[in-house]
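Based on the hints, put chain B in the right spot on chain A.
If you want the building blocks of each chain, they are given just below.
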Amino acid sequence: MNPALTAAGAREWLQRFATAVDEHAAELTDLDRPIGDSDHGVNLQRGTRAVLAALEAADPPTPGAALTKAGSTLVSTVGGASGPLFGTLLRRTGKALGDSGSVDGAALATGLRAGLDAVVALGGAQVGDATLVDALAPAVEALEAGGSAAEAAEAAERGAASTDDLVARKGRASYLGDRGTGHRDPGAVSIALLFAALAGSGAGEGS
Amino acid sequence: MHVPTKLLDDPADAVTDALRGLAAVHPELTVDLEHHVVSRNHDHHGDHRPGKVGLVSGGGSGHEPLHAGFVGLGMLDAAACGAVFTSPVPDQVLAATTAASSGGGVVHVVKNYTGDVLNFQMAADLADDEDIAVETVLVDDDVAVTDSLYTAGRRGTGGTLFVEKVLGAAAEQGTALAELAALGRDVVARSRSFGVALSPCITPGSDRPGFDLEPGEMELGIGIHGEPGRRRVPVPATGVAREVARTSVAAIAEDMPLDGEDLLLLVNGMGGTPLLELQVLAGDVVAELTGRGARIARALVGNHVTSLEMAGSMVSVCRATPQLLQLWDAPVRTPALRWGA
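Here the protein sequences line up with chains A and B, keeping their order. Sequential numbering of the first sequence, starting at 1, is according to UniProt numbering. Sequential numbering of the second sequence, starting at 1, is according to UniProt numbering.
Extracted from the complex, chain A is given alone in its bound form:
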């Protein structure tokens, strides 16, 4: 069953994502410790909390507007590489959704594809570089193939797990060379949380 998304659904998705980031902040930071600089969890948490406040204040009327607002808020509050990358993903997805009040699964997949393309253009990472793209790309592909949000979440989870054995080619983990293998990329894990939040939001129960 395809996900369908309303403004309220987008709000619930982002709310669930923020809750998941809160619950996993310490774990995300621990994942960042051996390969980065131990701050992914706390930085993303600063951003998702700001997103909830911004959505409360702006009360966006459409799912596209909600995601766009969430993305620009992440860009303005997270910093590091995660801010521009996660922010661009949501902002460009939101803009691609346009101004309709409810989008079906196909439209959401198209929107997320635009977000993925923007992330790749900005960060330059491809699948296999041990970055968040390894979780994001398979999740988007699952939705494009008509899969449910739960199936997209599973694809993201598998993609995040695949970074365990990869040598990072982008971002701070790349400085480690082979010393970086054996570690899961925290950005990819956060993407898996994002899609798990989508599945949990009930978006999969729609159309």
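Misleading hints may appear alongside valid ones.
Simulated coverage check for chain A against chain B, where a stretch passes if three residues somewhere in it have a Cβ under 8 angstroms from a Cβ of chain B [said to hold, decoys possible]: (1) 37 to 46; (2) 76 to 83; (3) 160 to 173; (4) 176 to 187.
In silico contact screen, one side only, chain A against chain B (beta carbon under 10 angstroms); selected entries [stated by the list, open to error]: (5) Asp32; (6) Arg49; (7) Thr88.
These aren't lab readings, by the way, just hints derived from the structure by calculation. Quantities reported herein were computed from a predicted structural model and do not represent experimental measurements. Even glycine gets a Cβ: it sits at the ideal position worked out from N, Cα and C.
Positioned in the frame of chain A, the structure of chain B alone reads:
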């Protein structure tokens, strides 16, 4: 493990409180506590010159005095201070860019980290919307990282100080935007650094260091964010400074010929190593460099580009020219670096 006490009021407010302190003792600087931007107070200096190219840098906090400590006459016009070890967001960099703009355009000095590059790039796009021309000088002087398709490229480290000092002086002398950026890229091309950690650092609010070093180990090829380095080796029983000097200079020399060169030399402490030890290291580094046929034209020893309380060092060199030496010697008046002014 035992976490040493930090001299803070609230770890969550470490950067804000530090900037408030900077403002309290440096009335010649303007400190924007909302954006965490430090800029020159031209009214105070009375040296505001329309058309002067603005010089802006920034990055994560935790590297003090870099960058805010280098704001002032002859160096930066503004610095954007991110969270500890986290690049500032585009809004902060834009605020710094606007503060530094006098109509002649602005040069961004950006240390080559993915986060810094992305946020400064977004800020440059925003500045363009406000008709401020921005040129970017990317600093990637760290020889510990192989620059290849398989990494994010070399990191920006100690060489950043050379770039900020030289470009600051050139901007004061009226160098135009494109020429200033080209000069900056030339300084980067002439600069190399290599760092060694003797102990890790702990970010405020965290309960553990970014990496663990067992007693008797040192970490070679470190960056400036408490992240692990390239290699871990045993600390020699004697001659530790000599070994660090030998390793650091060898890594640099392997990458850039030093024979017959006049060098700007920075023997930099990472924050937790006493000046006494840095002076020992400086003697050993000079011996290594002159042993390879280089001459020390100017040298600076101290904690300038740091990584919180990390113990260890970074050796940075820049192959100088008469023009670069003249710009290095030009007056500078900032919280952390001042001479001739």
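Consistency of the hints with the structure:
no. : hint       : result
1   : 37 to 46   : holds (count 6)
2   : 76 to 83   : holds (count 8)
3   : 160 to 173 : holds (count 5)
4   : 176 to 187 : holds (count 3)
5   : Asp32      : 9 angstroms, holds
6   : Arg49      : 13 angstroms, violated
7   : Thr88      : 9 angstroms, holds
Of the numbered hints listed earlier, the single one contradicted by the structure is hint 6.
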